[in-house]
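Participant: Please arrange chain B with the ligands on chain A, whose structure you already have, making use of the hints.
There are 2 protein chains.
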Amino acid sequence: MEWSVNRESDKPIYQQIFEYIEEKIAYGEFPPGSRLPSERKMAEQLNVNRMTIVHVYDELQASGLVERKKGSGTRVSTHKWGILPKGVTNWRKYIEGGSFLPTYPLIKRIRDEAKVMKDGYNMAGGELSTDLFPASFLQASFNQHAFPSNLGYVHPQGHLEFRETLASYVKEYHDINVTSSSILITSGAQQALYLITQCLLNPGDAVAIEAPSYSYSLPLFQSAGLRIFALPVDAEGINPDDIVTLYRKHQIRMIFLNPTFQSPTGGVMTEPRRERVLEIAAELGIPIVEDDPVSLLSFDGKTHYPLKSIDKSGNVLYVGSLSKVIASSLRVGWIMGPESVINRLADARQQIDFGLSIFPQLIANQFIQSPEYPKHLAFLKQELLERRNEMVLALNEYLGDKVEFSVPKGGLFCWCKIKQKVDDQKLVEEAIKNKILFMPGSVYGSPNGYVRFTYARLQREAIKEAVLKFAKVLDKV
Amino acid sequence: MEWSVNRESDKPIYQQIFEYIEEKIAYGEFPPGSRLPSERKMAEQLNVNRMTIVHVYDELQASGLVERKKGSGTRVSTHKWGILPKGVTNWRKYIEGGSFLPTYPLIKRIRDEAKVMKDGYNMAGGELSTDLFPASFLQASFNQHAFPSNLGYVHPQGHLEFRETLASYVKEYHDINVTSSSILITSGAQQALYLITQCLLNPGDAVAIEAPSYSYSLPLFQSAGLRIFALPVDAEGINPDDIVTLYRKHQIRMIFLNPTFQSPTGGVMTEPRRERVLEIAAELGIPIVEDDPVSLLSFDGKTHYPLKSIDKSGNVLYVGSLSKVIASSLRVGWIMGPESVINRLADARQQIDFGLSIFPQLIANQFIQSPEYPKHLAFLKQELLERRNEMVLALNEYLGDKVEFSVPKGGLFCWCKIKQKVDDQKLVEEAIKNKILFMPGSVYGSPNGYVRFTYARLQREAIKEAVLKFAKVLDKV
Ligand SMILES: Cc1ncc(COP(=O)(O)O)c(C=O)c1O
Ligand SMILES: Cc1ncc(COP(=O)(O)O)c(C=O)c1O
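So the protein lines, in turn, are chains A and B.
Position 21 of the first sequence, counting from 1, maps to 21 under this note's numbering, and the rest follow consecutively.
Position 217 of the second sequence, counting from 1, maps to 217 under this note's numbering, and the rest follow consecutively.
Do not rely on the hints blindly, as some may be mistaken.
No copy labels: a pair is met if it fits in one copy or bridges any two.
[Unchecked claim] List time: in silico DSSO-like cross-link candidates among lysine-lysine, alpha-carbon distance up to 30 Å:
no., residue 1, residue 2
1, Lys-70, Lys-312
2, Lys-435, Lys-115
3, Lys-93, Lys-249
4, Lys-171, Lys-115
Everything labelled a hint here was simulated from the structure, so no lab data went into it.
These numbers were taken from a predicted model, which means no experiment stands behind them.
Next up, chain A with everything else stripped away, as it sits in the complex (with noise of 0.2 Å):
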């Protein structure tokens, strides 16, 4: 609820209240029939006294806007409208309806909280503190040069021009080959995941994840009825091996990949290990989804080039984003592979979405192509490796003897082992009570006792003062 109290008005605040509710039932927001939260939660969601909400729903009462049974809580009338009592419909078995399962509560819990924050400390969310993006580029490039003059629908595998330079793109700064026609935009990395899941695969499928990953904190691989099971990362990438041993027992159809500054471990997969996999992968021609949002962001100077760049059997899926280099809320990625597998991808795509807005298109088309592009990464990559200094210098400070973790060569997390026995999820309500958003380690399928610190969104003197809070709060639990 975004909707406020307004202290400042002459209205009193219980009358603030009252005809905001009446207004949204009477706009069919709160439909007849069905359920006000308790007057603790709405209390607690307009930060007012409770007594106030208790007076609100009094008077809701009394004007018959609302009714109130004893255990089935408060509620629309179904009477006020003339309708007939059944005359409603019961939303509540349609929101349960569908394929999608819900976000993990942790997870949602957090991400409210990051919503309604104010002057904290987000250490969770992945993505760039504002400073970081390049807005000014942005729109320097984009005032330069006229919007096209067709604005009908794009082609379904995304606008060409664009197309094509990301082809010159990948071929740069990842030595991936592709051409214009095996390339399908994305409403970024997610987007792209959720296709292949949908799209490729059926349910009861057996696909295997790293755990911990980013991709085991998705419902959406639930949701498509998919099994999964788990390759164990360590700082080197996976156990190419363990492949082998999981489509034996299980036939895995799929594998998916985050090779390089992984989520949430940071680690980068060896090059032997590379190999290893796209020729076990060959071997048992299983595809192999490479997620790769980050490699760009290396602090020592060294290139990570992709599975893809290596790959000779056209069986990786190759999906890149520009969420973490230039904005997340740019909504820009892609999927390269198998041109058969793109077509069917982007046909289905029409169906969900009818394809990409042209704007992000474009603009990303100017700025990626701009001599400010590499000054601008140049200049993201020296933030990030001055944040990322300052955690660990934090976290030896402060929390030395508690945590262990190894020192990140790239990307935008620093993932830590609690040494001390504790159960994420009090760690997450403490740390809320103290301001602090972090990620815990279980929501990637890590056991509890492990936290992915973003260094990326605060600047250098908040991420001391973060990391000082969070050793309190894990004194405290």
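Facilitator: Below, chain B with the ligands without anything else, positioned relative to chain A:
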């Protein structure tokens, strides 16, 4: 395939094609074991002589890149890259998986043709012609406003400011009352329909849709495993009593309606019917999805208010879009409905694509608030009216005795019944030969012998020529 031979080049055509295919094989875009298009088909796609392709395939075979077997066509070699013959993914098995049905063949045929057709007459696509897009307005209003500095992930329901603007917008233009927390911004109406069918319904559920209708042409209903039942539609919309009949027989769980300037018929549901539909839906407790992309494009000065504006029960999910009033490549649409439903859809949507890019939202936000927007709407309506008049004239002149139609009072389409008996498929093919594209009624669920002509995509002079050409095509079949 977007690549084409360069006829100005010194390099022989067969050599260009050889290198093109060689490249696609090397890049894994034609993976080992995959089948190349037949010689005939490849010749058609690249618009070259079939003997050229025979030559190219011979050369590819001689160089070991492809293998040819009687009866199984031309396949990319599996040996070439030193991989075991088994060592590749059988992509065909993946492509045939997933829950998405492909686009209906006749629609795909027309869309593919639209992509490559040069100097023909496209009366098929439901979109505006290039000159009707407010490109310069959009650019101007965009250049005047700075980008927001925060380009991090957007709120799952969409950019808050834009949702607030939209709440005022639908109040002003459609007399709909809604607050920003009950709005979900989508990638056009298409994604709205997708989310609703995927997230609120279960496989096997029965739904009612108008016949004929745009919904009928969407494989997404069947992809979601829904059972579809028809509500016949005439010039006054559906017959409300049909809902009761369908409900008794099939327990329909949702109704999809496009009440104003319906696609494809152009009809407008009468007011008494609108009221009765709402009454019945409320009595039975069935939600209505109201798809309303073109109601602002009224030619006779009459405003047609949506069902949503007179609904008191919160039973209507209102779906809107800027595709037909601004530009389809903007990809901005919305769903408005009960807050609990919007929250559920927004959560699922996070899994699918992490929300719409902020840029189309910013552009739309600027433009619909600007004084240019009403001017643009007035211009658009005037232009469409003139084109409609031109089409009506041409239909009367060239097809007066052969088709029946009623004059559309708004929207983009003219719906014609052909008096003689025709086969839709044959008519489409003959038309394509003569560079005319239109939509056959059968894809919208009507019997053979109906056609939908878009007058929005062609200039006035072209409309006359297109209808004349169509008349000749009709004479032939
Ligand atoms: C490993 C990984 N893959 C994919 C994504 C999705 O990112 P986007 O859809 O913004 O490209 C993320 C975002 O956090 C990520 O960390
Ligand atoms: C009736 C109707 N609904 C929905 C759509 C989808 O449009 P968009 O996703 O571009 O808003 C169309 C487009 O042709 C349409 O005609």
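Participant: Hints first: check each against the structure and report whether it holds.
Facilitator: Hint check:
Taking identical chains as interchangeable, the C-alpha atoms of Lys-70 and Lys-312 lie at most 30 Å apart only when they sit on different chains, with a minimum of 27 Å there against 68 Å within one chain. Proximity of Lys-435 and Lys-115 under a CA criterion of 30 Å is satisfied intra-copy only: 12 Å inside one chain copy versus 53 Å between copies. In this assembly of identical chains, the alpha carbons of Lys-93 and Lys-249 lie at most 30 Å apart only when taken from different copies (20 Å versus 38 Å within one copy). In the homo-oligomer, the alpha carbons of Lys-171 and Lys-115 lie at most 30 Å apart only across protomers (27 Å), although the nearest pairing inside one protomer, at 38 Å, exceeds that limit.
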